[in-house]
Amino acid sequence: MARQLTFDLALPPPTYAREDFVVADGNREALAWIDRWPDWPAPALALGGPPGCGKTHLARIWAERAGALVIEGRDLDGKSVADLSELIAASPTIAIDDAQDAPERALFHLYNLAREHRGYLLVVAQALPAHWQISLPDLASRLRAAPAVAVAAPDDELLGSIILKQLADRQLHAAPGVVHYLVSHMERSAEAARRVVAALDRRALAERREIDRRLAADVLAELSASP
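In this text, residue positions in the sequence shown follow UniProt numbering: the first is 1, and each later residue adds one.
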């Protein structure tokens, strides 16, 4: 009886090292702004883009470079000005992922406090602040005065490059056509590429199969059926 393979084993946490970031036209400008820090014209920079485009990876690269704290927008819910003052005193340079989930007044105070402490904010969201529905005029003016850079969803070339890098990092060889097949059929995100290659590695080893189009199809079907 064939052994049932499971794919719900925990994957290693994502790696956000600079050397793991694959540069392409859709993210090149954003990376240039990250590298430009602290030579920013304002105490904040906004990054916006769809899920899976690499915004979080860019935020982590910047956090490593700037020694910044990384928080989620929802982490600011219920925070008083005193709480935010303590936060900025401990780390005046902060990356806020999913910043659209932050309460407006908390984000406003955090911006002002960062500026007072000569710190910086990296504001990361699915949309750039110019497209937010902001009811607090002072917050809107501050965020919209900051540089704002859009990060594009991975195109075929970038997604293929990410898959090839994941394969190379694991010292895996894929048969011709496999990468193109994956790019055409998988979820379009860097994290999805990581999950797919990890599953290919695990299943190829367990079944002693080469990584060909049939195995790729089996893995995609298995992953799509996973909760």
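In short, the hints are calculated from the structure, not lab data. Careful, some of the hints might be misleading.
Stated by the list, open to error - Label-pair distances were calculated between CB atoms; the ranges are:
| hint | residue 1 | residue 2 | range |
| --- | --- | --- | --- |
| 1 | D138 | S226 | 22 to 28 Å |
| 2 | H173 | G78 | 38 to 44 Å |
| 3 | R202 | A90 | 55 to 61 Å |
| 4 | D25 | H185 | 19 to 25 Å |
| 5 | D98 | L136 | 14 to 20 Å |
| 6 | E210 | S184 | 16 to 22 Å |
| 7 | L136 | R202 | 29 to 35 Å |
None of these values were measured; they are calculated from a predicted model. Using N, Cα and C, we set each Cβ at its ideal position, and we do this for glycine too.
Now for the hints, and whether the structure bears them out:
1. D138 - S226: 22 to 28 Å: The hint (22 to 28 Å, Cβ to Cβ) is violated, given that D138 and S226 are roughly 46 Å apart.
2. H173 - G78: 38 to 44 Å: violated, 51 Å
3. R202 - A90: 55 to 61 Å: violated, 41 Å
4. D25 - H185: 19 to 25 Å: For D25 and H185 the Cβ distance comes to about 23 Å; the hint holds.
5. D98 - L136: 14 to 20 Å: holds, 18 Å
6. E210 - S184: 16 to 22 Å: Roughly 20 Å apart at Cβ, these two residues keep to the hinted range, so it holds.
7. L136 - R202: 29 to 35 Å: 49 Å Cβ-Cβ, so the 29 to 35 Å window is violated.
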